[in-house]
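The primary structure of each chain is shown beneath.
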Amino acid sequence: MAGERGILSVAMQRVAKLREIFASKTKPPPEIPVPLAPSLASVSKVNPPSSSSEIRLAGFGYSHIFSILTASKLLDLEGLGVSVSATLLSQTGLPPIFLPDVAPELKFTPEFCDLLEAAAEGADVVFLCIAGNAHQTLSLVNHPMPFDFVLKERPGLPLNQQSEIVPSRLVAEALINQGGYVGSIRILKAFVKYFVDQEIPNRPIVQCALPPIIPSAAHIHQYPAHFRELIEQYGVTPELIRYKLWKLHSQLVEAECINLGIQYVAVPSSMLDEHEFLVKDAWPQDSVHANERYGIRVLEQLIRLKAPSFSLPDAS
Amino acid sequence: MTQHPYQSQPAYAFWSRSIAGVDPEKVDPVVRGQLQISMSDRVATAGSCFAQHIAKRLVANGFNFFDAEKAHPIVPAEQYSSYNYGVFSARFGNIYTSRQLLQLFLRAYGEFQPKEDRWTDGQGNLIDPFRPRIQPNGFQTESEYIADRMQHFSKVRQLFSELDVFIFTLGLTECWVSTEDGAAYPLCPGVSGGSFDSSRYRFVNLGVDDVTNDMLTFIDRLRTINPKARIILTVSPVPMVATAEDRHVLVSNTYSKSVLRVAAEIIAKGRPGVAYFPSYEIISGSFSQFSYYDRDSRSVTDAGVNHVMKLFLKYYAVMPADLPQESIEGRTAANDPHTTEMARLVDLNCDEVALDS
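So the sequence lines, in the order shown, correspond to chains A and B.
So for the first sequence, our numbering puts the first residue at 1; every next one is plus one.
So for the second sequence, our numbering puts the first residue at 317; every next one is plus one.
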């Protein structure tokens, strides 16, 4: 029993550590420019869409929104009739977002409502990048008691022989039961409710897919960031297990979106390699996000919600 | 006055002195322990529903309950029960009959491979015929089904090879077997998976010789891999839900329990290191005025389980010198997440009840 307590204790410490790390990861990496407020968000124009009127995108989210924001800054969008406002919700300088905890629904503060209203005013598409990292909590670093599972959609993927096999429905339960997942879905629901309640016709409200995983353990070792200590202790989880957890998490978030009545914008197909890993060109200088090349293709998908034939050039 | 053997018999041999004149909660039919369990011994449990009570109480009382197939730490604790983690010493579900136990052993060691080893539920999920209610809605894919069963067998082998004490509760004599190879199912096909077909399944009501031979074979095989394994047999006091015989369920139940009780006696006398513990007598004995059964005359009350476990601890537990029995009985597992969760498993998962639905 003592051994079991030890394992449980290590696991609980590890989860707490990962949560701490993910909490800190929602803060922007220093090398990435931070939008201080919607008024300062990138507004660029490139190849004009078929429609002569301007397409306005307004986005809100956590760390995964950086790839879109950076993409919008890299491209010279002027003259294209496209403007992008992307608000990082964890940036300093924002007013408090939520009123003191009001279970079960989160409610925005009046100050944040003002900001939301300004940022989304006239937007043709509202996009959200929320609920993106829960799978990393379980997957990035090897668990002290390694586990694996069968992904229903790809049951032929090999199982790690050194791992404990956990029923796939229980792995989904484990993801859902994480504080990180539950909290992020509450936030997602709050944003969706706010924008749905505005009842603006023909304005899609969409959630962007979670970026695929970076398969390379070497890359993750190269950019361990806050995970360094845990990676040194337990190693990086095999890529197939990380892939399965990403896929499972994506399915859960997509199901939440269906329940909420909003569209889930899938990962751009050009950003997936033959194994459904993130293509190497889109690897950033960290372990858990995607870079601006990925952001460009997501941006393109978002614009296509209003201008289906629109295309953006690759980053130079 | 004529001398006769009863004159030298102890008080417990007389109904008037050990039952009629004794407070029900003080009735003690155990008399003496036949083997001892130390707090460090790895104690494994298996069997029918009543064995779940024993597992739970062993954990709550600080015994080294051997759980060879624990839930992974990522699994939310509230899911343990429905996925059958911690209910018995591995995820084999209820083992109602001696035939099931023997075949589990043989299957785990690759010596018996039933020809019909999976069912579908009509919605694409796979059901394990030998543990049809092991998890909600079965297995989503064949890969998961195979992987889980391989892991399960591996854990079962670990369990049998490393346990110190094996507590097995004999539950039923009635069972359904494959006409093709005799594979014994815990539940009639069609009740919780599969579909009933009289050409593929037949009813068997095990007799004393059947149960005795199954169990002695199992014990002998177990000791080839674990020579020091000690075994405690009990007979479940929980009556059967339904009978497949054409007679009243009460009559069938009496027959079934009688067979099991006789077989347990023969088995315990037939091998060293095998004890019979009379939980059946404690719960079903008339001395308690049937107060150890709930209103359905089937479910065992907490008071009944308390009586059983109190005597079990008294006669079978080797207590540390500085730990009086009372403190062991009252101990909870509040500091250990796993054992705390075990203690929480009050909703017993008795899949036999599915027969009634």
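Simulated from the structure, these hints should not be mistaken for lab results.
Keep in mind the model is a prediction, meaning the values are calculated, not measured.
It is possible that part of the hints are untrue.
Claimed, not checked - No more than 25 angstroms apart at the CA atoms, straight line, and that leaves these computed lysine to aspartate or glutamate pairs for DMTMM-like: (1) A:247 x B:458; (2) A:152 x B:385; (3) B:386 x A:199; (4) A:152 x B:525; (5) A:152 x B:526.
Violations among the numbered hints, reported as their numbers in ascending order = Of the numbered hints given earlier, those the structure breaks are 3, 4, 5, listed in rising order.
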